Structure formats: structure tokens, C-alpha cells
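Engineer: In order, the protein sequence lines correspond to chains B and Z.
Here the first sequence stands for residues 1 to 323, where the numbers follow this note's numbering.
Here the second sequence stands for residues 1 to 323, where the numbers follow this note's numbering.
Honestly, I wouldn't trust all of these hints.
Between beta-carbon pairs, the in silico distance windows are [claimed, not checked]: (1) B:Leu112 with Z:Glu175: 47 to 55 Å; (2) Z:Gly77 with B:Glu280: 44 to 52 Å; (3) Z:Val71 with B:Asp70: 31 to 39 Å; (4) Z:Ser151 with B:Pro193: 23 to 31 Å; (5) B:Asp173 with Z:Glu92: 35 to 43 Å; (6) B:Thr79 with Z:Arg164: 25 to 33 Å; (7) Z:His127 with B:Asp70: 33 to 41 Å; (8) B:Gly115 with Z:Lys69: 37 to 45 Å; (9) B:Lys69 with Z:Asp163: 36 to 44 Å; (10) Z:Gly49 with B:Thr79: 29 to 37 Å; (11) B:Asp132 with Z:Glu76: 54 to 62 Å.
In case anyone wonders, no lab produced these hints; they're calculated from the structure.
Predicted model, so just to flag it, every value in this text is computed and none were measured.
Every residue, glycine too, gets a C-beta built ideally from N, C-alpha and C.
Number of protein chains: 2
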Amino acid sequence: MTNSSDNFRCLALSGGVGGAKLALGLSKVLSPDQLTVIANTGDDFDHLGFHICPDLDTVMYTLADLSNKDVGWGQEGETWHFLEALQRFEEETWFKLGDRDLATHVARTVKLGQGRTLSEVTRELCHGLSIDHPIIPMSDDTISTVVHTDSETLSFQHYFVRDRCEPVVTGFDFEGIEDAKPSPGFEQALDDPNLGLIVICPSNPFVSVDPILLVPGVKERIAERKVPMVAVSPIVSGLAIKGPAAKMMKELGMPQSATAVAEHYVAKYGEILTGFIIDEQDRELATLAQSLGLETIVTNTVMVTLQDRINLANESLKFAKGK
Amino acid sequence: MTNSSDNFRCLALSGGVGGAKLALGLSKVLSPDQLTVIANTGDDFDHLGFHICPDLDTVMYTLADLSNKDVGWGQEGETWHFLEALQRFEEETWFKLGDRDLATHVARTVKLGQGRTLSEVTRELCHGLSIDHPIIPMSDDTISTVVHTDSETLSFQHYFVRDRCEPVVTGFDFEGIEDAKPSPGFEQALDDPNLGLIVICPSNPFVSVDPILLVPGVKERIAERKVPMVAVSPIVSGLAIKGPAAKMMKELGMPQSATAVAEHYVAKYGEILTGFIIDEQDRELATLAQSLGLETIVTNTVMVTLQDRINLANESLKFAKGK
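Produce the entire structure from the sequences given, and follow the hints as far as they go.
Structural biologist: The structure is reproduced here in C-alpha cells:
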């Protein structure tokens, strides 16, 4: 392990697929006492009566070694008999609910209906999947990402899955965020005296990372604590490894580059971002990132193998306090 | 077809497996305009957030040729990935929800949640399964069969599935039945001037047929109309073909015989029962059934093949008015 101190704590902020890959790498080099993964819940939605948390699920499935490596969502070896049968009844089938995946949504919905918080329910689900590292929702309050487009305002999953990110985005809102609080586990992690590093995983800055950092009190706590915070660019060579981040940047009038991601974070959160990791393919952008005041590492950020994930985890841990 | 008149209408009253077999036979010899199947809904229950109607589902799956012939419930070639995955989350798995079957419960629950009645939703589900013959719930109101046992009172599915019919029964109640009405389709069928026969399928008298006939107004309408009503004994040679009927009769202090079923119906509903069908194995009971004032046919009632179902349907149609 890069950081063998029992007293070291790392907080990883993650959206779905890309973020979960680095979270997995971190979980291989840090013990459950050393790592807390906070997942975005702005994508959560109610569908067919189920409460679905796509990013939490992706992180859970990834850390449980259940995730489907080919498509990046859902479970490996999944079957689709439920969805095929549902099609006959003219219910919505655009959100691909696998037979095994469905159990997660049903169990979550039942447990929430019994009055437990999303944090409590997530802990139970992680226990059921034998996940050792804590995976915690950013908030137990409902925060709903809405996507403003040039023609209409869409709920996130309608934009992302149903409409396949085709509409041209003009901005985002996180409904309910003003009245939301960080989840108890998120607060505890932020207040932990041993917190030595916050890692912003390579997730979509606009719809995965921003909602986490914009939960009231989060960026203020990070600023107070002066804990190093490093972001891994989700943009490599002008392209998003996964998802619509690059397309969104273009539509929002931003350059499609790793440094534009850094600029976005610096503009939005000021000095709390202290480090940046860019891919070897973007080596020439390192100076630009440094000019933003960010300690910068150039390394391989394209995580194909488990070893890639572990290597990137180790690189990000170099930013830790007292490393 | 036994009854070729376009103006002839038959009403079949059915519980689950046994009843559905005869309903299938009837559907092979009567057109959708000639046959209406009324299913018991006293077994319905809410489970894991789903509204489940076991008897309606069994009749639907049987008429859609989807039913699992081996176990008698659920769908043929079903998979169980949802349930296997659910087990990890310590949710209740005693009610065996198959992956395809689940779509029925989800669609029903979503559609009911949109404010439609159970009759309307059932019509949509049948349409989705390409079922031509009308299958109609006995009531759109909630009627819940409860089973009194020598130790406790159980909801029907807890008795039937979870506890495998092991508790000793002392009686039954149909909660909510006093305030319930027959479904519009059931009323319409009962009022149809062309109604020429009511067939009580070989279902459990206590928990499948009684709840249908006890919906307020049903037996009175049948009595007024003087429509022939024939019951097929679910008891053959002292045993129930399927389910706990014989065990219940023993526990209730009744003889376990076909004629005890006839006596139950005659005692409970008087003269509205006009005919009775008993199996060849019970040929010696025919005189006893006749002594109850019932026109009686002895035939093969053990339906193994589709032709058995069709033959029994044709036998039951011999009781029709103007046959």
C-alpha cells in the first residue's frame, strides 16, 4: 500500500463508470478504514415504482466485482427476461433493468419504504453484496439533476438514457440541493481529523462531481480543513473516456480538454482543488494546469486493466498530506 | 363446438391451477364471445411493493399458453435471477417470483397506481399476453382471504405458500367482502340474457369458489336468473388433485369426498347449484350426489392432456340451458 498509516483517510468522490474504476483501484490499495467512497445521487430517479440510484449501483457492483465490464453498467452475465416480458404490457423499457439488477432496486425501495434513510439502506445493500469499503450517498435528501437543453428541460435519466444524450445542453440544475444536507457518513468523513486526501474520480464534472461538491457545506468544510484535493481528468485527448462530458463541454462553449475541466473546478471551487492528474496523451497540457496553481501529475489515466486502476490509485495517493 | 349458438354465454368461476385447466378447455370449445372466466381475487396480496393476483395470473398464463405445466404456477422456462439476487439483501423470498412473472406484477402495480381498476388493468395485461377470452377479477374491491388455524390467523399466502398449508385450519374469512361489489364485467356477465351456464371449475371450494359466490349480490343474481350451475369436484377418490382442499376438509371435520364438496355447496348456496361432475373413480358416489337434487355426470375429471381439458369442458357444457 502506498499509504500504510492506519491514521490516513482518503475520500473518493465518484459518479458512475469512470469514477467507479478508480474507486476500485483505491479499494485495492487502501483498507476499508482508510477509504470512503461518496457517490453522486443527483441521477437517482423513481421508475416503475422503484427508487433507482445508478451511480451508487455502479460503484457497488464495481467494488463487489459484479459489474458488467463490457457495457459499463449493470451486472456481468445479466439476463433480461423481466424486461422482455414487461415489453408486452406497454410499460417503459428504455431504462435497461436486468433481472439481477432489479433485486437491488426492489430491496432498496422496500427498505426505504420502511423508513430507513438512503445511507442506512445503502449500508445494508453493500453488506448483502459483501462489500467491505464504505460506499455512501452524498446526501440522504432528494437532489434531482435536471438538464436544460436548447428545446426543453429534462430529468437526468430522460436526457442520459432515454434520449441518449442527444439534446444540446445549455446548463444544469440540482433541484432540492439548497435544502439538502450531506449524508451523515459524508459529514463524518469530511470532519475526520485523519482525512489526508480527497480524490475527485474521473467522472463527469457537470452532472457527477458538481452535485457532490455543491451539497451545502461540503466545499466550505473542505476549504476549512485545507485537505489536499486532486481531480483526475475524465477528458483524454479531447474525448471523454465514457459518457457525454466532452459533448457537454462543446455545447456549453468550453474547450474539450483536460485543462478546461481543471479550469471549471478552479472557477467553481477556487483554491480547494490542489492537484490534477492528466493523461500521458495530454502531456503538453501539464504546464497549463500548473499555471492554474495545481500540482500536476502526468500518468496513464485510461484504465483498461485492474492494474491500471491500481496504478492510477497509487498516483492519486501521491497528493496526500504527509505522503 | 358443443354449443354452436352465437347467443349462448358461459361463465366459468375459477381459482388457480385446477380451475385454470378447465377454463383452458372451455376456451378451446367456446369463442371469446361465449365464455367469460371470473377469477378469485381473495388470494391477492401486496408483497415487496407489488400487487400480486395469483389466481388471475395462473388463469392468464394458462390461457396464454405460458404456464409452467410441471409446478402448476408461474411461467414455463422461467428463470430466477431476480430472486437469487434478492436473497443477498435479506428480503422475503418465500413467494417465488420468477423473472418473467415479475413483469406482470410490476406492470399491474404501475397501472393500478395510475388509478385504473383491477378489471381495467387485467384487460390490459390480457391484451399484452394476446389472450382473446375475457378473464375478469371477481371484484375490483379488496377482498382478503384469511385463514383461521388452531394457533393463529394467517393471511392466505402466508398460510398457503410461506407455511406450505401446514397449520390446521379451523375456518376462513374474506375481509372486506361485505363492502365489495362484483366487478362490472362479472355483473354484466351475470345479467347477460344469453347466459346459459355457470361452471364452477374444480377449484378449492373454501378459498377459491366461496369468495367468488359470496361477493354480495352474486348468489342472489344467479338464483333470480335460474341459470344452470354445474360444479366439477376438485376431490377425486378422496384426494385433492392439487392444493390443500382435502386436507382442509379433514381439518374442518368433513368427509374427504366429492359428495362432501357437493354438500358444502348445497348447504351454502341452496338450489342455485343444479349439476355436479364427479370422476369415474368416484362412480359409486353418483347416487348420493343425485339425492342432493343434482343432475350428475360421471366422467374423467383428471386433466392431464389438453384433450382431457377439452373433454371435460364438453361434458360440463351438457348442463347448459337448451343444450
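Engineer: Each of the hints needs a verdict: does it hold here or not?
Structural biologist: Status of each hint after checking the structure:
| no. | hint | verdict |
| --- | --- | --- |
| 1 | B:Leu112 with Z:Glu175: 47 to 55 Å | violated, 28 Å |
| 2 | Z:Gly77 with B:Glu280: 44 to 52 Å | holds, 50 Å |
| 3 | Z:Val71 with B:Asp70: 31 to 39 Å | holds, 34 Å |
| 4 | Z:Ser151 with B:Pro193: 23 to 31 Å | violated, 56 Å |
| 5 | B:Asp173 with Z:Glu92: 35 to 43 Å | holds, 39 Å |
| 6 | B:Thr79 with Z:Arg164: 25 to 33 Å | holds, 28 Å |
| 7 | Z:His127 with B:Asp70: 33 to 41 Å | holds, 36 Å |
| 8 | B:Gly115 with Z:Lys69: 37 to 45 Å | holds, 42 Å |
| 9 | B:Lys69 with Z:Asp163: 36 to 44 Å | holds, 43 Å |
| 10 | Z:Gly49 with B:Thr79: 29 to 37 Å | violated, 21 Å |
| 11 | B:Asp132 with Z:Glu76: 54 to 62 Å | violated, 41 Å |
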